[in-house]
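A.B. asks: Each chain, written out:
Protein chains: 2
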Amino acid sequence: MNNDISINQVKYSKVNQLDFNNIPLGKTFTDHMFVCDYENGEWVNPRIEPLQPIATHPAAMALHYGQAIFEGMKAYLDPDGVPMLFRPEKNAQRINESADRMGMPAFPEELFLEGLKQYVAVEKNWIPPQEGSALYLRPFMYADEAFIGMRAATHYKFVIIASPSGPLYNKRIKLWAEKQYIRAAQGGTGEAKAAGNYAAAIRPTEIAKSKGYDQVLWLDAAEHQYIQEVGTMNIFFRVNDEFITPKLDGSVLKGVTRDSVMKLLQHLGYKVTEKLISLNEIKEASNNGSLKEAFGTGTAVGIAYIEEIGSDEDTIFVSEESPVAEKINDLLNQIKTGKVEDPFNWMVKAEIVTAS
Amino acid sequence: MNNDISINQVKYSKVNQLDFNNIPLGKTFTDHMFVCDYENGEWVNPRIEPLQPIATHPAAMALHYGQAIFEGMKAYLDPDGVPMLFRPEKNAQRINESADRMGMPAFPEELFLEGLKQYVAVEKNWIPPQEGSALYLRPFMYADEAFIGMRAATHYKFVIIASPSGPLYNKRIKLWAEKQYIRAAQGGTGEAKAAGNYAAAIRPTEIAKSKGYDQVLWLDAAEHQYIQEVGTMNIFFRVNDEFITPKLDGSVLKGVTRDSVMKLLQHLGYKVTEKLISLNEIKEASNNGSLKEAFGTGTAVGIAYIEEIGSDEDTIFVSEESPVAEKINDLLNQIKTGKVEDPFNWMVKAEIVTAS
Ligand SMILES: Cc1ncc(COP(=O)(O)O)c(C=O)c1O
Ligand SMILES: Cc1ncc(COP(=O)(O)O)c(C=O)c1O
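So the sequences go chain by chain: A and B. The first sequence runs 1 to 356 under this note's numbering. The second sequence runs 1001 to 1356 under this note's numbering.
Simulated from the structure, these hints should not be mistaken for laboratory data. Even for Gly, the Cβ is constructed at its ideal location relative to N, Cα and C. Heads up, a few of these hints could be off.
[Said to hold, decoys possible] Label-pair distances were calculated between CB atoms; the ranges are:
no.	chain 1	residue 1	chain 2	residue 2	range
1	B	D1312	A	L248	35 to 45 Å
2	A	G149	B	V1272	21 to 31 Å
3	A	E42	B	I1207	34 to 44 Å
4	A	N22	B	R1151	16 to 26 Å
5	B	D1312	A	G41	28 to 38 Å
[Stated by the list, open to error] As a list, the in silico EDC-like pairs of lysine to aspartate or glutamate whose alpha-carbon atoms are at most 20 Å apart:
no.	chain 1	residue 1	chain 2	residue 2
6	A	K90	A	E114
7	A	K179	B	D1249
8	B	K1090	B	D1100
9	B	K1179	A	E223
[What the hints assert, rightly or not] Example chain B residues on the side facing chain A (calculated, C-beta under 10 Å, incomplete):
no.	residue
10	F1029
11	T1056
12	D1100
13	G1187
All chains, full assembly: derive it from the sequences and hints.
C.D. replies: Here it is in C-alpha cells:
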C-alpha cells in the first residue's frame, strides 16, 4: 500500500460565504473530501480532492445490502489556533470493529489518522473559532461495487467529509422508554456504527417526538427492561455518589465520550460501574431519592442532561439539575479546546507533516 | 402527482453482447433504469432513461443512516413471448410496509406497477428465453439528501434496475443453525426489506460457509431456539403430511413465494400451519421419523431443498429427497412461465399501454 496522500486543492474556498455565527445544521460542507478506494484486496489512491458528487452505479451494494459504516468526531482549535483532534485513534479502531462485524475490510489505522490530520489541516479555516463550535468530521466506508446478490462486496470507498457545527445548547431532555421497537439486540449489529442501526431508529424516534419527548431510551430486545442507550448517545446515571452505565453487552455502541467520561469521573474520585441496568432499578432509585442525575454522552452534543423518563406505564423523574454532569461537560470542553491540562494525553494536533 | 412516465431509450442496446447461455451472476445490467424523485413531499418526474451512474453527494443519507429498502422480483416470458410478472402488487405493497418501518415515504402502488410494466416492456429483449432463466428486477428506494444528522430524509430516489439471471440449479443445501449472531429481532427491522438486515447477515453467512454449510438458519434473538428464516428465504418443514412455517412475528420477511407456496400446498390438499417452530421440535421430528422434507422459498432461487441442519450441538438430518417441494417448485415455475393454468390469477402481463 502506498500511504502517500495526494492533495488537489480547490482554487477558491467557499469558507468566506459562511456566517460562523449562523451555521445551518448538517447542511454545510467544507471544500474537500478525503477519498481512498478498496480494490483487489487493498486500499489504493488516498487523496484529498474537491468535495463533489460521486458517480455511483445504481447497483452499488451499499444502497441494497447496507454495507456502510461511519464515524463521528470533531476538530477544535486550541488557544494558539492549532487544529486539535480528540482521541482519533479510538475512532480509527472502532471503524475497524464495525467493519469486522459488517464483513467489510479494515482500513489501516495509520492511514486513517494521517488522512484525517492532513484533511483537517487543509480544512483548518472551516473550524469555527466560537466557543462550543467545532468542525464535525465524518469518516465513512461503503460498498460501491455494482452487484446484485448477497455477499460481501469486493470494492469499497473510504471517505471523510466535514461540516462545521455551531455552539450546542445543552437543554434538559425528556426520554421515552421504548417498549415496542428496538435499536439493537445481542448478536445483531448494535456494537457496530453501521448505517442500518440508524435507519432502524428513525421511525421510533419520530413517534417519541410526536408524544412530546426528545429522545428514545432504548431497551433490550428480549425483555424491554434493560437500558441500552439514549438516542445516539450512551447513558449514565448517578445513584448517590456512584455513576452507573450499561455494560457493553454487544448491543451498545462503545462511545468514545462514554469512555472519556468514565475516566474523568474516576479522575475526580467518583466510583463508576458498568453493569446491567433495569428500568425498574432506576425507577426505585427515583422513588427513594437516590437518583441524583442522568445524562447522555456523545460526540455530537457532548453531554445531554436528562430530566425525566416517560413510558407507557409511568414517568420516572430524574432531576432538575445535573451538577456533576455539568462539571464533566465543562472539563471535557476545556480539554478539547486546549484550555486546561490534558491529563490523559487525549488531544492530537492536526498539522501537515510535509513529505520529503 | 403526474404519473406520465417519460421514456428516453438508448440508441443501441447492449443486449446482443450477452450470451444468454452464460450469464455472469449479478453483474449484467440491462440498458435502462426507471427513476423517480421524491422532493417537497411528492414523487415527481417518473422516467425510464439509460442506465448510468447517479451523481451522489458523499453526504447522501442512505450511505450514513441506512434509509434504503428494496424489492426483488422476476419477469418471465410466456409461451407467446409476452413478458409476465408474478404477483407484482405484492411487492408494491411490501415496499411500502418497508418504507413505513424505516421512516420513508410510500411509493404510489399504481405507479410502481405501471412503471414496472413499462420498464419490463422496454427491456423485453433482456428476458432470457431459456427454461428456468428470468429477468431479475430490483426496485429500490434510498435517501439521497445530503445531510449530516439523525432524522428521516426529505429527498429520496425510487429506482428500478434489472439483471438477467441464468437457470438455477436447485442443489440440496446444508444449513448452519446460528446461535451467536442474529439477523433480526422482534421490534427491529426484520419484517422490512431494509438494506441493514442484509449487511447484518453477511459476516455470519461467511462463517457458516467456512464451516462447510450453504446458508444460515436464523434463530430468534432472545433464546436462539425459534426458527425464523434461512439465508434470504422463508422456510417450510413437512412433518408427516402437514407443512409448518414460522409465523410472521415481526422478525420474518413476508415472502411472496412463502405466501404462494402456502396457497399451492393448500390447493393440493395439504394442511399448512403458521406457528412458532423450535429447533428442538424439528430435531424430535427428525429423530422419530416424522420429518419428511424442509425447504427454503424465495424469488431468487424459487425453492431450495434442505438436506440437514448443523449446529454447535448436533446435526439434524432432514431428508435426501423432497418430492412435494419439487412438485410445488415445478408447478410454480410452470405458472410463472404460463405453461399451466394460473389458478389464482397471479400473473400480470407487462405491455406498454400507449398513452394518448
Ligand atoms: C448509537 C450511538 N451511541 C453512542 C454514541 C456516542 O459515541 P461517541 O461518544 O463515540 O460519539 C453514538 C455516536 O455518535 C451513537 O451513534
Ligand atoms: C430475508 C428474506 N426472507 C425471505 C425472502 C423471500 O421473499 P420472496 O419470496 O418475496 O422473494 C427474501 C427475499 O428475497 C428475503 O430477503
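A.B. asks: Can the suggested window of 34 to 44 Å be confirmed for the beta-carbon pair A/E42 and B/I1207?
C.D. replies: violated (23 Å)
A.B. asks: Does B/T1056 meet its interface restraint, that is, does its C-beta lie within less than 10 Å of any C-beta in chain A?
C.D. replies: Cβ of B/T1056 sits 4 Å from chain A, so the hint holds.
A.B. asks: Would you mind confirming whether the straight-line C-alpha gap from A/K179 to B/D1249 stays at or under 20 Å?
C.D. replies: holds (16 Å)
A.B. asks: For the pair supplied as a hint, A/K90 and A/E114, confirm whether the alpha-carbon distance does not exceed 20 Å.
C.D. replies: holds (14 Å)
A.B. asks: Hey, B/K1179 versus A/E223, does the alpha-carbon distance stay inside 20 Å?
C.D. replies: holds (18 Å)
A.B. asks: Go ahead and decide if the range 21 to 31 Å is satisfied by the Cβ distance of A/G149 to B/V1272.
C.D. replies: holds (30 Å)
A.B. asks: Using the nearest Cβ pair, does B/D1100 come within less than 10 Å of chain A?
C.D. replies: Holds. Min distance 7 Å.
A.B. asks: Does B/D1100 lie within 20 Å of B/K1090 when you go C-alpha to C-alpha?
C.D. replies: Holds. B/K1090 to B/D1100 sits at ~15 Å (cutoff 20 Å).
A.B. asks: Taking the Cβ atom of A/N22 and the Cβ atom of B/R1151, is their distance within the range 16 to 26 Å?
C.D. replies: holds (20 Å)
A.B. asks: Assuming the hint says 28 to 38 Å, is it satisfied by the Cβ distance from B/D1312 to A/G41 or not?
C.D. replies: Taking Cβ atoms as reference, B/D1312 and A/G41 lie about 31 Å apart, which means the hint holds.
A.B. asks: The hint says 35 to 45 Å between B/D1312 and A/L248; measuring C-beta to C-beta, is that right?
C.D. replies: At 24 Å between Cβs, range violated.
A.B. asks: Does B/F1029 hold up as a contact with chain A if the rule is Cβ-Cβ below 10 Å?
C.D. replies: With Cβ-Cβ at 6 Å, under 10 Å, it holds.
Violated hints, in rising order: 1, 3; the structure is consistent with all others.
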